[in-house]
Amino acid sequence: DAGVTQSPTHLIKTRGQHVTLRCSPISGHKSVSWYQQVLGQGPQFIFQYYEKEERGRGNFPDRFSARQFPNYSSELNVNALLLGDSALYLCASSTARGLPQETQYFGPGTRLLVL
Amino acid sequence: DAKTTQPPSMDCAEGRAANLPCNHSTISGNEYVYWYRQIHSQGPQYIIHGLKNNETNEMASLIITEDRKSSTLILPHATLRDTAVYYCIVRVVHLNTGNQFYFGTGTSLTVIP
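The listed protein sequences derive, respectively, from chains A and B.
So that you can map any letter, position 103 of the first sequence is 103 in this note's numbering, and since no number is skipped, the others follow by simple counting.
So that you can map any letter, position 44 of the second sequence is 1044 in this note's numbering, and since no number is skipped, the others follow by simple counting.
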């Protein structure tokens, strides 16, 4: 079975540009979460989507947005890129929201470099 | 904000048990403890999780203290491939904002030949 897939694997952008990152969850998973991992730190929660609706948002500026499609895949968009947005962006999928046990399975990530 | 505290680094001899501690003194009654590991900036890999009972799977064992304020991840026979950053996470459920995993900085485990 395919795990969580993300595209692209690597990306280089310049300051002020816009970027779109894509994620396909594990088949049967309806929830997708996005995380940002800056070098040397643990992943930081950005968004959670369940059944195409935003269910959670971390402490990130409005330049960050996301959406989930009917097939449960998801896009993360970042506008007006800053140097500090350089990071590994991780997508994780899970079966449902709100259950006492909800294991998230992570994709390989997209490494974004902003110059 | 991370709700866990872990030592920044640990060494373990190959073939020996690796015991990774984690403090989560503010954990609530319905919050689970999860462990993930991350190798070479790949995506974090799920290891194990538990609520209050000890858990074991093919990868590791999880020992949670009776007061649930701390836990230990045990890799019974560490191999070189177990060298990674290990994250202890308390899963927080917000009724209006969904489920969030709060990662700290983790423990960098080095398995030594």
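These aren't lab readings, by the way, just hints derived from the structure by calculation.
Heads up, a few of these hints could be off.
Quick partial rundown of chain B residues pointing at chain A, CB under 10 Å, derived from the structure [unchecked claim]:
1) 1043
2) 1091
3) 1100
C-beta atoms are modelled at their ideal positions from N, C-alpha and C, and glycine is treated no differently.
Right, here's what the structure says about each hint:
The beta carbon of residue 1043/B comes within 4 Å of a beta carbon in chain A, closer than 10 Å, and the hint placing it at the interface holds. For residue 1091/B, the interface hint holds, since its Cβ comes within 10 Å of a Cβ in chain A; the closest pair sits about 7 Å apart. At its closest, the beta carbon of residue 1100/B sits 5 Å from a beta carbon of chain A; the interface hint therefore holds under the 10 Å criterion.
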